[in-house]
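Once you have looked at the hints, place chain B on chain A.
Going line by line, the protein sequences match chains A and B.
With the first letter of the first sequence counted as 1, position 43 gets the number 43 in this note's numbering; the numbers rise by one all the way through.
Just so we're on the same page, this note's numbering is the position in the second sequence counted from 1, plus 1000.
Calculated lysine to aspartate or glutamate pairs in the EDC-like style (CA-CA distance at most 16 Å, straight line): (1) K1239/B to E101/A; (2) K1239/B to E78/A; (3) K258/A to E434/A.
Cβ-Cβ distance ranges computed for the label pairs, FRET-style: (4) A207/A to L1011/B: 55 to 63 Å; (5) N223/A to R1008/B: 56 to 64 Å; (6) Y1013/B to T421/A: 52 to 60 Å; (7) L1022/B to E60/A: 49 to 57 Å; (8) Q265/A to L1011/B: 49 to 57 Å; (9) K173/A to Y1013/B: 52 to 60 Å.
Anything over 10 Å on all C-beta distances counts as not near chain A; from chain B, calculated: (10) P1125; (11) G1142; (12) Q1201.
Rather than coming from a laboratory, the hints here were simulated on the basis of the structure.
In this text, all values refer to a predicted model and were calculated from it rather than measured experimentally.
The beta carbon of each residue, even a glycine, is placed where N, CA and C say it ideally should be.
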Amino acid sequence: MKKLRVKSRIIVVALAIGLFLIGGAISYAQESETITFTVRTRAKPPMENWRGDNFLLAAEELNADLKAAADPRRVEIELVQDNTDWGPYVSEFVLSYGAGEAVDIWLTGHEYIGTQAEAGRIIALDEMLKEFPTFNLVIDGLWDSTRYKGKIWGIPQDAEARPLYFNKALLKKLGWSQEEIAVLPGKIEKGEFTLYDMLETAREAAAKGVVEIGNGFWTRPSNGPDFTAFYYAFGGETIDFATGKLVLDKAAALKYYKFFYDAAQTYGSMGGLGLGWSDSWHPGVSGSKVLFWVGGTWQWAEWAEIYLKEQGGEAYMWENFGFALIPAAEKGGKPNSLTHPLAYLISSQCEYPDLALALVAKVTNYGPNTRHAIASTHLGILKNQTEYKFYKVSRLLSETLYMLDYTTFLPNNPYWGSYSTITYEALAAAVGGEFTPEQAVDFVVDGLQRELGDKVIIR
Amino acid sequence: MRLPQKSRAALAYLVLIVPSALIVLGFLWLFITSFSTRTEGLRSLGWTLRNWSFLWESPFGPQYPSIWWVTLNTLVMSLVMTLIVVVVSSMTAYALSRMKFTGRKSFLSLTLILHAFPSVTLLIPIYFVLIWVSKIPVIGRGVPLLGGLGYNTIGGVALVMVAFQLPFGIWVMKGFFDNISWDMERSALIDGASRFRVWWQIMMPNIKPGIAALSIFSFITAWNAYLIPLTFTAGRAGKSAVLSLYLQNFISESVMTEWNAVAAVGLFQLIPVVIFFLFTQQVLLNIYGGGKKGGV
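Pulled out of the complex, with its shape left as it was, chain A reads as follows (with noise of 0.2 Å):
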């Protein structure tokens, strides 16, 4: 009898317990909410973990603001962060978002929001934008790379200018002086040193022996963003901004394969093109073996960590490399960069969007921004960025930021790809000399039709 009274007390007091224990975990429940963001970016480690490693410490700031402002959610994150290639970076998001898995925040290129928004996957962000004024801050002109079809559907994270590298070194053995070399960029900025201008040097150079045939100038090895500033700058265009179509325009696309025909075939000065990046490109111009090189800003910090970094790294580089816009097509003509921001996209399945536009607004600040930018070498994307302590630090990012006033952007239209593809495939063909600068448009007026029909127009 006594032991089946202590039984009983047993399990009055377990049940108690029990109970106690579920009506303190509901409770708990009821006062906070933990919802995680799945964040997915891109990025070369070391240099550009801050692309997803502010969220981090931008959601403890958030949670912190949520308590203050008696909001029960509470937020964690998972990053999900590598350098996977483009090509399947986006794959999964497209088959993630089909199987109901898309991550909360991604960040990609611009340029592919046109086919995102599109397919619905992401969220125009205009409305909500305007509760979070640290997005004043972002430079005006950025906005542009972000809207389509008159909306904004992302954040930009980072911006870089892709000037035109020379090799102060080489000019120096093809007899230019020391103030000669000091005021390029500036003659550049006028439009008083024209691309044929540098096709001209690089010629001489070649001939001179200061510069092997084919090494007076280089562009990217492979297709890219790089070569549409070449295109702007024979006055083409690229989108039709009332209708959001893509547009060729003949005559500036045939001065532009002329530039690159006469680049190679006439003037003997480029090369470059179908290199390997790290086999050869890389050590062929960070190794002084080019004089004029199409670069992006974020080069800088990989040549000094790592090609260069026994021969002195960014001091060495200092000493040896110059960087200006890409040249005016004529003289008196304007001179650009190309900019090709990635953003931050919220999916259309992420369940808390404002939150997780209060996560991209905490990271999109001169703190965390400017981690970024040092780190990785891109250039900011704020306002007065330039004033902050912790920017002015580098040298390279405060000299080249002048280059975002006279950027330019890829077009953000669905069909980019296929379009870049064409216009890619008939500039390597007129560089090897397969077509002539008039074919080579042909070549590109019958496949933009032929692939895209009355998605294109043709000027």
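Relative to chain A, chain B alone:
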């Protein structure tokens, strides 16, 4: 003119040594490179353990899953796939080898046709199947360790790999069953054993070399798989990352590849395969034994 015995032996050794040396040199380079700061051919220009630092710290930042988690994922995927392939292949092969039923030949031909399909052509249909599986309660998402059998789970990837590996497995196992004498099986059936019991207790012990061979092939296929995990898992850095994707992360189109680190991770990826091979090679070497003797 006939060469003397010694010369013939020497020639045979020469023929064997030359191609083997090339392979050995490859592995030697891999080993030396993984412990070197830089190499010139097979000469190390400085020894270091830095290339192996991925064992204790993630080279891609603290948020990236550790190599041990990635290895566990790969191991689970490979073992699950191997187990299912061996069991299903041997059951199917036994039926195809020993029983006569309508559609037997067509089935065999069909499996061969399926094997001939390049996996890349089936990726999209399989994707839709996996999405459908994801929606099934528990099986789709709730299987411990495997995550489930749907899209973006280790189990889902294993399931797809099984589908691609089964035709090969069935044909291999059928060959082994065909070589076993009817007598033992008939005796067991006369003694009252069921078909399942005959398969399990009489036939399976006699085809151990076949099981070993198929296990090794399946395990290595799964262990090194790239395209299927890449397509059906979301993110190399995600929870379902496997070793081949982890390794690929060191090789980017626009950043200089640190081949010393790649060599170290490659060598690490090789270790379990070698261990697995060592454990199964004894059985595998009896592959032509047949009957009781081969059963060991």
